[in-house]
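Peer 1: Sequence:
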Amino acid sequence: MDSFIYSLNATVPVFAIMIIGQFLKRIGIIDIPFANIANKFVFKICLPCLLFQDLAVTNIRENFDLSYVGFCFLATLSSILVIWFLAKKLLKNKTEVGAFVQCSYRSSAAILGIAFIQNIYGTSGMAPLMIIGSVPLYNIFAVIILTFESNSAENMNSTDNIKRAFVNILKNPIIIGIFLGLIASYFNFDFPKMIDKTINNLAVMTSPLALISIGATFEGKKALAKIKSTAVASSIKLIVLAAIFIPIAVYFGFRDQKLIALVIMLASPCTPTAYIMAKNMDGDDVLASSIIVTTTFFSSITLTFWIFILRAFGLL
3 MDSFIYSLNA TVPVFAIMII GQFLKRIGII DIPFANIANK FVFKICLPCL LFQDLAVTNI
63 RENFDLSYVG FCFLATLSSI LVIWFLAKKL LKNKTEVGAF VQCSYRSSAA ILGIAFIQNI
123 YGTSGMAPLM IIGSVPLYNI FAVIILTFES NSAENMNSTD NIKRAFVNIL KNPIIIGIFL
183 GLIASYFNFD FPKMIDKTIN NLAVMTSPLA LISIGATFEG KKALAKIKST AVASSIKLIV
243 LAAIFIPIAV YFGFRDQKLI ALVIMLASPC TPTAYIMAKN MDGDDVLASS IIVTTTFFSS
303 ITLTFWIFIL RAFGLL
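All residue numbers for the sequence shown refer to our numbering, where the first residue is 3 and numbers rise by one.
One or more hints might be untrue.
Stated by the list, open to error - Derived EDC-like pairs (lysine to aspartate or glutamate); straight-line CA-CA distance at most 20 Å: (1) Lys90 / Asp284; (2) Lys224 / Asp284; (3) Lys224 / Asp33.
Stated by the list, open to error - Derived Cβ-Cβ restraints for the label pairs, each shown as a range: (4) Asn11 / Ala233: 44 to 52 Å; (5) Asn203 / Gly30: 23 to 31 Å; (6) Val59 / Ile303: 25 to 33 Å; (7) Arg63 / Val252: 24 to 32 Å; (8) Ser69 / Ile7: 31 to 39 Å; (9) Val252 / Leu172: 32 to 40 Å; (10) Tyr253 / Thr200: 40 to 48 Å; (11) Ala233 / Asn38: 35 to 43 Å; (12) Leu172 / Lys96: 22 to 30 Å; (13) Val59 / Asp258: 17 to 25 Å; (14) Ile39 / Glu221: 12 to 20 Å; (15) Val252 / Ala18: 32 to 40 Å.
The hints are simulated quantities; they were obtained by calculation from the structure and are not laboratory data. Please read all numbers here as calculations on a predicted model, not as lab measurements. Idealized CB from N, CA, C, for every residue including glycine.
Using the sequences and the hints given, assemble the complete structure.
Peer 2: Printed below as a string of C-alpha cells:
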C-alpha cells in the first residue's frame, strides 16, 4: 500500500497539471500560441538546464559502476533498435513512427528516478548512474529517429537524412546540455552558488511548463483516432520492457537500489520531453501527447505492481 500511495503522489500531480493546462486554455487564460512558445522555451532552455543539472551533480569518477551503466546502456539501446525496426514494419501510418518509437522507450528517468529511490532508501543511490547509462541515448536516438521519420524526411534521400541527423545532434540543445553535464560531472566542477541557483531556477520550470503545454494542446478527438497506437506504445512503456529486462537484471545480480532505478528506467511513464521534441522536430505531437497522458494515468498502478513483485521475491 505504501508503494501505491507513493506512486499516486508521484504521478497524480503530473496528470493534474495536464488537466489544469486544458482548463486554463478553455477559460482563456492561455492559448495555443502561448503553448507553442512555452514548448520552444522548454526545448531550448529549461530542459537542457535540467539534464545538465542532473548529470553535473554526479561525480562519475567516484561513483561509476561499469557493469551497471553498461547494462542500462545495452538495455536502452536494444529496446530502441527493436521498437524502431518493428514500428517501421508494422505501423500502417508511417507518420506515427517517430513519436511511437520515442514514446515507447523514453521514461521520466531524470524526473522520477531520483525521487523514487530517495523515497524508498533515503538516498539517490543508483539513479544518477542509471541516468548516465540511459538518458543520453534517449535523447540522441530521439533526434535521429525524429529526423529520419519526420514528415519532411519523406522528400529527402537517405544521405541527406544522415547529414541532417548528424547536424541535428550537434546543435540540439538537449544533447548540448547532456554533453556539458557529463563534462561537469567528470571534472566535478563546483559552480558558484549564484550560477547553481540560476540553472536550478530554469531547470525546475521544465516539467510544469511542458505539462501545461501538453494539457493545453491535447486534442481528445484526434487522440481517439490514434487509440490503437497509443495502447500498444503505452503497454510497451509500462509493461513489456520491464517484463523482458528485469528478470535479466536479477539474473546478473542487481538488487535493491539498482533494481528500483531499472524499474524507473524501463516502466515509468513517458517523459513530457517526448512531446516537446515531437512538437519541435516535425513529429506526431498528437500521438506523443496521447501516450504521455495514458502512461501517466496508468503508471501509478503498474509501477506499484513492479515494486510489489520485486518485494515479494525479496529483491528489494
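Peer 1: Indicate, hint by hint, whether the structure satisfies it.
Peer 2: Quick rundown of the hints versus the structure:
Restraint check: the Cα-Cα separation between Lys90 and Asp284 comes to about 17 Å, which is no more than 20 Å; the hinted pair holds. As the CA atoms of Lys224 and Asp284 are separated by approximately 17 Å, the hinted pair is consistent with the 20 Å bound. Between Lys224 and Asp33 the CA atoms are separated by roughly 18 Å; this keeps the pair inside 20 Å, and the hint holds. Asn11 and Ala233 have their C-beta atoms about 26 Å apart, which leaves the hinted 44 to 52 Å range violated.
Checked against the hint of 23 to 31 Å, the C-beta distance between Asn203 and Gly30 comes to roughly 28 Å, which is consistent with it. For Val59 paired with Ile303, a C-beta distance near 31 Å keeps the hint of 25 to 33 Å intact. Checked against the hint of 24 to 32 Å, the C-beta distance between Arg63 and Val252 comes to roughly 28 Å, which is consistent with it. Between Ser69 and Ile7 the beta carbons are some 33 Å apart, a value that agrees with the proposed interval 31 to 39 Å.
Separation of Val252 from Leu172 is about 39 Å and conforms to the stated range, judged on CB atoms against 32 to 40 Å. At roughly 45 Å, the beta carbons of Tyr253 and Thr200 sit within the given window of 40 to 48 Å. Taken as a hint, the range 35 to 43 Å is violated for the pair Ala233 and Asn38, whose Cβ atoms sit roughly 28 Å apart. A C-beta distance of roughly 26 Å is found between Leu172 and Lys96, which places it inside the suggested range of 22 to 30 Å.
In this structure, Val59 and Asp258 meet the distance hint of 17 to 25 Å, their C-beta atoms being roughly 21 Å apart. The supplied range of 12 to 20 Å is met by Ile39 and Glu221, whose beta-carbon atoms lie about 19 Å from each other. Val252 and Ala18 have their C-beta atoms about 34 Å apart, which keeps the hinted 32 to 40 Å range intact.
Hint compliance for this structure: hints 4, 11 are not met, and every other hint is.
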